[in-house]
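Visitor: Per the working numbering, residue 1 is the first one in the sequence shown, and the count goes up by one each step.
Hints listed in this document are in silico derivations from the structure and should not be mistaken for laboratory results.
For glycine and all other residues, C-beta sits at the position ideal for the given N, C-alpha and C.
One or more of the hints may lead you astray.
Taking lysine-lysine pairs in the DSSO-like style, the calculated list, with each CA pair at most 30 angstroms apart, reads [unchecked claim]:
| hint | residue 1 | residue 2 |
| --- | --- | --- |
| 1 | Lys-174 | Lys-200 |
| 2 | Lys-245 | Lys-276 |
| 3 | Lys-321 | Lys-200 |
| 4 | Lys-174 | Lys-217 |
| 5 | Lys-378 | Lys-174 |
| 6 | Lys-351 | Lys-202 |
| 7 | Lys-328 | Lys-401 |
| 8 | Lys-202 | Lys-174 |
| 9 | Lys-378 | Lys-202 |
| 10 | Lys-311 | Lys-200 |
| 11 | Lys-311 | Lys-276 |
| 12 | Lys-202 | Lys-276 |
| 13 | Lys-311 | Lys-217 |
| 14 | Lys-245 | Lys-200 |
| 15 | Lys-351 | Lys-311 |
| 16 | Lys-476 | Lys-200 |
| 17 | Lys-276 | Lys-476 |
| 18 | Lys-401 | Lys-378 |
| 19 | Lys-202 | Lys-466 |
| 20 | Lys-378 | Lys-245 |
| 21 | Lys-401 | Lys-466 |
| 22 | Lys-328 | Lys-202 |
| 23 | Lys-351 | Lys-321 |
| 24 | Lys-217 | Lys-200 |
| 25 | Lys-328 | Lys-311 |
| 26 | Lys-200 | Lys-378 |
| 27 | Lys-321 | Lys-276 |
| 28 | Lys-351 | Lys-378 |
| 29 | Lys-476 | Lys-466 |
| 30 | Lys-401 | Lys-311 |
| 31 | Lys-202 | Lys-217 |
| 32 | Lys-328 | Lys-351 |
Have a look at the derived ranges for each label pair, beta carbon to beta carbon [to be verified]:
| hint | residue 1 | residue 2 | range |
| --- | --- | --- | --- |
| 33 | Asn-277 | Leu-256 | 39 to 49 angstroms |
| 34 | Leu-256 | Pro-327 | 30 to 40 angstroms |
| 35 | Glu-472 | Glu-244 | 35 to 45 angstroms |
| 36 | Tyr-346 | Ala-462 | 37 to 47 angstroms |
| 37 | Ile-342 | Glu-473 | 55 to 65 angstroms |
| 38 | Asn-294 | Ser-469 | 25 to 35 angstroms |
| 39 | Ser-419 | Ile-195 | 47 to 57 angstroms |
| 40 | Ala-313 | Glu-177 | 24 to 34 angstroms |
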Amino acid sequence: MAAAYIIAAGGIIQLASAAFPAWELPNWTLRVLIVCLLMGFPVALMLAWAFDITADGIQATPDVAAPRTHRRRNVFMLVATGVIMSASAGFFLLPRVSAHKCDKSIAVLPCRIGNRVRVNVQLINAETDEHMWAEDYDRDLTDVFAIQTDLAQQIVRELQAKLSPSEKAQIERKPTENGEAYLAFVQAHNLSHAIESLEKLKQSEQLYQRAIDLDPKFALAIARYSQLQSWFLNDVERTPERVEKARTLAEQAMQLQPDLPEAHLALGFSYYYGDKNYEAALREFEIARLGLPNESEVYLAIGAIQRRQGKWAHSIANMEKAASLNPKDTWALQNLTYNYSILRNYDAANKTVDRALALDPTAMELLGVKSSLAIAEKGDFGVAETGFEALESIPMTNEQKLRTADARADVFLLERRYSDGLREAESLSDDQAASYPTGLWSKYYHIGFARRALEDESGARAAFLKAKSAAEEQLKRTPDVAKLRIHCAGPESKPNLGLVTKRSAFSGFNRQGRRKFSVEPALVWINRS
């Protein structure tokens, strides 16, 4: 009976280890199953000891005087069984000091224990969630690149795909010989996708720098670091130093590895965000596309430039391509929503943002986009209120709290709920507001607008002056941020609306607003729309 139990339990464990990942059950369910089977083994031993299976059925084992040595052996076996069971349960249930928490992704579940790594790879059809293939790999961390190459080749065979010589070379090439540098690179790359979090982007910047310090010839890390610098130029901190750094890093990656597609991608972004040289950027993106034919990021970048050029059909086609190549990513869908919204195709815009929200229902940016669509199309503020209620149920960083309060104040002011808008804007301390580049300026603009609507002219003027001062300080640090300049370029700026006449506002717009539009021509059309 004990032997039968062991065979049956082994079969159950093998079946569960293959089936549970396919059912997307958490890892602890397999551990619980194994522990239950281990706990059942002593019961099976005792039943085998107490009963015999005979031709007449199951009968109690007759008492037979056993030698003392046999009794000792039986006691020893029971004790040993208990020790094994306890040790096994501890292995599966107790945390290890050196173990890292397993990170789950769409296809790979890596788990590191000491200097060993287990990688559970699942090849999934992202559109249907069908599990096509799965495999476990147990290797030393020193062999991590062999694992990477092996996995890539196995997936290619499973998909029956044909690789070009350049693609085959990319799979077999080691990006670096330094394991610690590669670990820092992977961590940085994962954080760099958190575009809604300035804190995580700063962490990514530090990790990329660490990877390059550990291996100065790590071309892939240098290229991705350049790309991150370019993103800062576009959305966060547009300084001359970052413009230069993005270009220098991209050129350095090209020198180290001229055929690296990611290096061309990085150089393209430096032209795009750094110089606004769209034609040069498109040339580099096209080279990158040839080397990365299934990389959604390339098509998204091309589509974004075509949007700025007013080539709407081409832009939408490339963004749809990006979304199809990476259907679990919301960023391509968010950009596609922007296209439809600018064209006032609200039906398509709502359907697209709903696809993104189905993937990430509590994403702040997506909820904001959905709310903006409802307000622009129908003047419906209910969607915004529903979004704010959804955010209340999730933990938020200080940065997220700041952005939520800022958005709430905006909505309240649009609804003419001026007292609520004032309360929301004043709920943030200056230190909290200053943690985000435009936070302090935005806070006092909202306060000034609300106080003016409440007929508190002196309070409004004081708030607008603080907003003006904060905006000018930010403009000194980042003089080429187009989105900031349109608000801070002169008397027409929002903070000054409470300080100047309508005539002087338009005069200021004519003097300095044009520079803004020469820097960011696409926004002329967008702001007119």
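Visitor: What hints, given by number in increasing order, does this structure fail?
Guide: 5, 6, 9, 10, 13, 20, 26, 30, 33, 35, 37, 38, 39 and 40
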